[in-house]
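Protein chains in written order, with our numbering: chain W, 1 to 141; chain P, 1 to 688; chain B, 1 to 320.
These aren't lab readings, by the way, just hints derived from the structure by calculation.
Among these hints, one or two may not hold up.
Claimed, not checked - Listed below are the simulated SDA-like cross-link pairs for lysine to any residue, each with C-alpha atoms no more than 25 Å apart in a straight line:
#, chain 1, residue 1, chain 2, residue 2
1, P, Lys349, P, His538
2, B, Lys272, W, Met1
3, B, Lys33, W, Arg87
4, B, Lys33, P, His538
5, P, Lys32, P, Lys179
6, P, Lys347, P, His442
7, B, Lys264, B, Arg181
8, B, Lys222, W, Met1
9, B, Lys33, W, Met38
10, B, Lys264, B, Ile306
11, B, Lys222, B, Asp198
12, B, Lys264, W, Met1
13, P, Lys188, P, Asn604
14, B, Lys33, P, Leu663
15, B, Lys284, W, Phe64
16, B, Lys33, B, Gly54
17, B, Lys222, P, Phe678
18, B, Lys189, B, Gly267
For reference, the chains in residue letters:
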Amino acid sequence: MIPLSNYLIVGAILFVLGMIGFLTRRNLILMFLSAEMMLQGVAINLVAFSRHHGNLHGQVFTLFIITVAACESAIALALILMLYRQRQSLDVSLWQDLREPGQEPALDLDEPPPSIEEKLADPKLIPAGIEPARPREDSYD
Amino acid sequence: MIDNPNILVWLIPALPLVSAVITALLGSRVLKSYSHVPTVAAAAGSCVLSVLLLLGLALLDGQQSLQLKIDGFKWFSTHVLPGDAPLRFGALDIRFNLQVDSLTAVMLIAITFVGTFIAVFSSGYMHGDPGYPRFFAIMSLFLFSMTGLVLADNFLVLYAFWEGVGLCSYLLVVFWFQKPSAAAAARKAFLVTRLGDAGMILGIMLLWARFGNSLDFDTVFGQAALAGESSVLTLACLLLFCGAVGKSAQFPLHVWLPDAMEGPTPASALIHAATMVTAGVYLVARCSRLFALSPTAQLVVACIGGVTALLGALIALTQTDLKRVLAYSTISQLGYMFLGLGAGLIKDKLIVFAVAAAIFHLFTHAFFKALLFLSAGSVMHGMGHVIDMRRLGGLRKVMPITHWSFLCGAVALAGLIPFSGFWSKDEILEAVLQAGEHSDAHNTVYLVLFATALITAALTAFYTFRAYFKTFWGELRIPDEAYHHGHSTPHDHAEPNDHQANDDRQKSFESPSSMTLPLVVLAIGALFVGLIFEGATHWMGDFLAKSAVFVQFHGYTPEHGFDWLMFGLSMLCAAGGVGLAAWMYLVKPGIADTVASALKPAYNLSLNRFWFDEIYALLIVAPLTLFATVCRLFDSIVDGIVDLVGLLPRQLARGLQPIQNGLVQFYALVTVVFVAAFVIVFALWIRQ
Amino acid sequence: MTIANANFDLAIPWRVALPLILAVMALYYLLPKPRNRYVVAGSAAGLFAIVLAGVWLTRTDGAPIAEQFLFYAFSGLAILGGGLMVTQRNPARAAISFALVVLNVCGLFLLQGAPFLMAATIIIYAGAIIVTFLFVLMLAQQTGFSDADDRTREPFLASFAGFALLGGTLLVIEHTFPDSRPLAELITKIEQAVQDKDELRAITEDKQAFVAALHHEESRHKGSVNINKFADAITDLEATLNPQNPNRIQLSRDLSEMLAVGRKIQGENAAKPLPAANVAGLGKLLFTDHLLAVELGGTLLLVATIGAIAITSRRAGRKP
Chain W
1 MIPLSNYLIV GAILFVLGMI GFLTRRNLIL MFLSAEMMLQ GVAINLVAFS
51 RHHGNLHGQV FTLFIITVAA CESAIALALI LMLYRQRQSL DVSLWQDLRE
101 PGQEPALDLD EPPPSIEEKL ADPKLIPAGI EPARPREDSY D
Chain P
1 MIDNPNILVW LIPALPLVSA VITALLGSRV LKSYSHVPTV AAAAGSCVLS
51 VLLLLGLALL DGQQSLQLKI DGFKWFSTHV LPGDAPLRFG ALDIRFNLQV
101 DSLTAVMLIA ITFVGTFIAV FSSGYMHGDP GYPRFFAIMS LFLFSMTGLV
151 LADNFLVLYA FWEGVGLCSY LLVVFWFQKP SAAAAARKAF LVTRLGDAGM
201 ILGIMLLWAR FGNSLDFDTV FGQAALAGES SVLTLACLLL FCGAVGKSAQ
251 FPLHVWLPDA MEGPTPASAL IHAATMVTAG VYLVARCSRL FALSPTAQLV
301 VACIGGVTAL LGALIALTQT DLKRVLAYST ISQLGYMFLG LGAGLIKDKL
351 IVFAVAAAIF HLFTHAFFKA LLFLSAGSVM HGMGHVIDMR RLGGLRKVMP
401 ITHWSFLCGA VALAGLIPFS GFWSKDEILE AVLQAGEHSD AHNTVYLVLF
451 ATALITAALT AFYTFRAYFK TFWGELRIPD EAYHHGHSTP HDHAEPNDHQ
501 ANDDRQKSFE SPSSMTLPLV VLAIGALFVG LIFEGATHWM GDFLAKSAVF
551 VQFHGYTPEH GFDWLMFGLS MLCAAGGVGL AAWMYLVKPG IADTVASALK
601 PAYNLSLNRF WFDEIYALLI VAPLTLFATV CRLFDSIVDG IVDLVGLLPR
651 QLARGLQPIQ NGLVQFYALV TVVFVAAFVI VFALWIRQ
Chain B
1 MTIANANFDL AIPWRVALPL ILAVMALYYL LPKPRNRYVV AGSAAGLFAI
51 VLAGVWLTRT DGAPIAEQFL FYAFSGLAIL GGGLMVTQRN PARAAISFAL
101 VVLNVCGLFL LQGAPFLMAA TIIIYAGAII VTFLFVLMLA QQTGFSDADD
151 RTREPFLASF AGFALLGGTL LVIEHTFPDS RPLAELITKI EQAVQDKDEL
201 RAITEDKQAF VAALHHEESR HKGSVNINKF ADAITDLEAT LNPQNPNRIQ
251 LSRDLSEMLA VGRKIQGENA AKPLPAANVA GLGKLLFTDH LLAVELGGTL
301 LLVATIGAIA ITSRRAGRKP
């Protein structure tokens with residue numbers, strides 16, 4: 001059978017990838033998704049040890065992780081919404097007011113990248129209640 | 001009459017103390033505009049008790065010494081432990097006792113009677129001031145301290161209350177603390193009087209060390225009498241007199257009193273005219289038995305008194321600020337009292353008559369000077385807090401009651417017969433003349449002092465009536481502030497309109513009845529207390545002579561003879577002064593300026609108060625400022641070194657500052673970097 | 001696919017370091033940034049890193065082919081999905097990538113005998129949480145992508161630190177759970193030697209190589225609790241083998257002892273069987289041993305619900 005260390009390695013890789021995402025990405029929701037991915041790595045670890053030791057305690061812990069993650073996501077999404085309402089953006093770098101007095105804020109000095117919207121031509125979700133644009137039908141008159 | 005005098009006596013200071021506590025705690029929240037009620041009630045209560053006490057004392061058998069000792073409680077004591085190294089001085093045992101004799105009783109009457117009516121006056125004068133409760137709390141505290149001062153039966157308790165009245169004086173001068181001038185004046189008053197108090201506490205220590213290791217008046221006086229005249233005694237007397245000079249604003253420490261007029265006028269009336277400044281006179285009178293043992297000290301007291309009397313009168317001649325005229329007049333009159341006290345020794349005998357004259361003058365002065373100050377306060381109240389006499393005039397029509405009460409005070413102060421001032425001033429003159437005639441050592445000095453006193457009397461009459469005529473006679477002049485400042489007469493609700501000036505200016509500016517009633521009462525007092533208590537009856541002198549201070553001492557009381565020569569001289573001076581003032585300011589109003597320009601140097605000298613403040617600034621303040629500058633320079637060097645030490649961590653911290661950039665992700669990154677470093681080190685370590 | 005080939009057997013630090021360096025490069029190239037984003041090179045480096053890690057860092061230990069295939073597929077897809085999620089510019093796509101990660105992790109759960117967890121994770125994560133995230137994304141980014149999605153903060157330093165941490169972790173895992181096959185081969189050899197005289201002679205003839213292999217195993221199993229006994233057994237065996245003609249009886253006794261100790265060490269890392277009834281066992285554990293934690297978890301959920309409502313409610317007069 002597949003030894004324990006393999007699962008530990010996979011768990012560690014997922015954990016580290018999530019961590020890097022948390023450290024680098026500036027979208028609040030992406031940061032939060034990264035944190036969830038770190039939790040996935042931990043869950044793999046726990047389940048693997050559960051298998052290794054031949055009891056179900058590890059799986060029980062994973063259940064608790066899922067519980068806590070659910071609470072966390074509820075609160076975090078609420079907070080993210082509040083933050084979004086204040087700045088109209090999900091950029092975490094807009095929230096750097098707690099720096100040392102006299103310290104210059106970290107700004108994006110290089111030019112903005114070319115717009116990605118034409119590259120990523122996903123179908124756009126229409127906000128609820130707005131009629132999608134469509135060719136006008138001819139009137140019956 | 002006095003069934004249980006102890007409780008009565010304790011109540012005299014206790015009532016104002018209770019009132020002070022109540023007003024201070026509840027004033028701004030509960031009492032508000034009724035804050036004067038506890039103070040007035042307590043002062044009136046103390047006044048009634050003092051009258052009862054005086055009557056009780058007066059009705060006691062005249063043969064014994066009139067002294068009531070009330071045992072209090074132990075304040076503190078020090079012990080000499082048996083194993084200690086032999087101390088030069090013994091233990092100190094201070095009891096908080098009270099004593100009442102005729103001297104105290106007279107003082108109590110003056111304090112509480114005048115205090116009561118000043119409190120009533122204040123309730124009108126201070127009305128609407130944001131510090132209303134504070135004012136009355138301090139007033140009550142002052143009454144407590146002042147009554148305690150005259151009731152004290154040992155030097156230390158007296159000193160404690162002495163500082164208490166000083167504190168209240170400071171608090172009242174700085175009452176409008178937003179004014180920089182008030183703050184500066186209060187600081188000046190406090191520091192200058194401290195200068196005298198330092199001498200006084202030294203004197204008290206010297207007395208304790210040399211005369212019986214006790215501070216009780218009786219013990220100290222008895223021991224000193226046994227020891228007889230000595231240079232130590234003279235030194236102790238002079239040191240005590242230092243305190244009196246400071247507190248009573250005598251030359252050369254008189255400079256604080258005129259500035260103290262920055263305080264509210266009722267406070268000036270009570271503290272800086274009627275009561276607190278006379279504490280020095282009371283102290284010297286209380287210690288007469290000490291001063292009687294030292295002719296040198298007596299002479300110093302007399303000379304200082306004489307010089308101050310003349311100086312104050314000269315300066316008062318040219319001042320234009322009504323309150324300042326009265327302040328210098330107070331200095332001058334206090335000098336008179338010290339002159340009387342200093343004349344109390346002839347051929348090693350204490351002249352009780354002289355001391356009684358000084359105290360009597362203190363008594364009458366309390367009435368008429370308080371009256372004058374309150375009248376000035378009434379003028380200020382009506383004229384929108386303008387007190388410069390050059391901007392006032394003809395007020396007798398618009399402020400009739402104030403005018404009449406001021407006139408009563410003026411005639412009393414000028415010493416016109418038969419009003420109070422005449423009798424007391426006459427007695428002092430007589431005492432000084434007797435000292436000049438009979439003293440063996442310093443005849444000429446006392447005769448010169450007598451002449452000085454006469455001149456002062458004439459000057460007093462002149463400046464008093466100068467102020468009176470300038471303020472209340474002549475052309476009607478009312479400053480604009482009078483129309484803008486709200487004063488609560490019912491006539492005042494009409495809009496002040498320049499075009500209706502004539503109608504408007506005829507209206508009454510008189511103060512409310514809460515202020516005019518005390519004026520009337522004090523005016524009656526100022527006119528007649530002298531006649532009633534001394535002029536017609538000699539009751540005051542006899543009563544004071546029965547005080548324990550004098551009875552236990554071998555003093556002698558000369559016969560009261562009505563000296564016609566003295567009467568004539570005194571009346572001539574007073575009438576001359578009044579007449580000159582009337583001529584210069586009433587008959588020929590322009591002549592004052594002519595005289596002033598003719599005597600330009602003398603006029604400037606007086607107007608600039610003999611440049612005392614400037615001289616002190618040059619001699620004392622300037623070297624100290626220089627010294628302070630040097631110290632500050634040195635301190636800046638030391639400071640610089642210390643700052644240098646602090647600079648290193650600050651620069652280090654400045655280097656670390658960019659780490660705190662407020663970016664959450666950056667903080668997390670730092671954490672990750674160090675966790676990674678730890679894990680790698682750990683992994684390498686376990687693989688060894 | 002294994003490290004059976006000894007010639008290709010690099011030292012363990014290098015086997016850990018090379019894939020990680022490639023992964024750092026891959027992430028640095030792929031993370032969104034305004035310019036100098038080399039997608040092709042980064043993707044190649046990332047895939048290469050995944051393959052190298054699979055070859056060098058994992059073992060199969062004779063598992064059935066089907067299990068091997070499923071494991072490598074699930075873990076490879078999970079890691080791939082993780083990489084995609086981190087490097088994706090479009091947050092919505094990143095969320096979908098995260099769903100991929102979750103699904104594959106669920107597959108790994110299934111491989112490890114946790115079917116209930118698999119179901120729960122799919123329902124809660126892929127079904128509920130990710131959908132909620134997508135909702136919020138739609139709510140917040142109606143106007144399109146924000147500039148911030150095209151930028152990252154400290155991409156190199158973060159990747160480097162993250163993979164350095166991973167390297168340390170891998171070293172520790174390698175140390176704690178060493179490759180068990182060489183030891184298994186040795187044990188088989190000793191077993192045969194105890195039973196077969198030819199094999200025993202072969203050992204005595206090639207005794208130096210045999211002792212060296214034993215010492216190598218000793219150094220690889222330093223984390224074991226029985227390592228001292230193993231070392232003692234090696235010392236005894238060496239003493240017996242040392243003379244020109246070793247005592248046969250003594251030798252076979254020593255080999256038997258060595259066999260016992262070796263099996264103990266082997267048994268340390270062997271997996272024990274799980275209870276057969278997964279859901280029933282979980283339920284029993286939850287409501288017996290972990291009852292308090294269950295209650296606390298329920299309370300926590302309630303509090304979080306109330307908190308989320310309280311935080312987001314827009315009451316009159318309360319400026320958010």
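Which numbered hints does this structure break?
-> 4, 10, 11, 16
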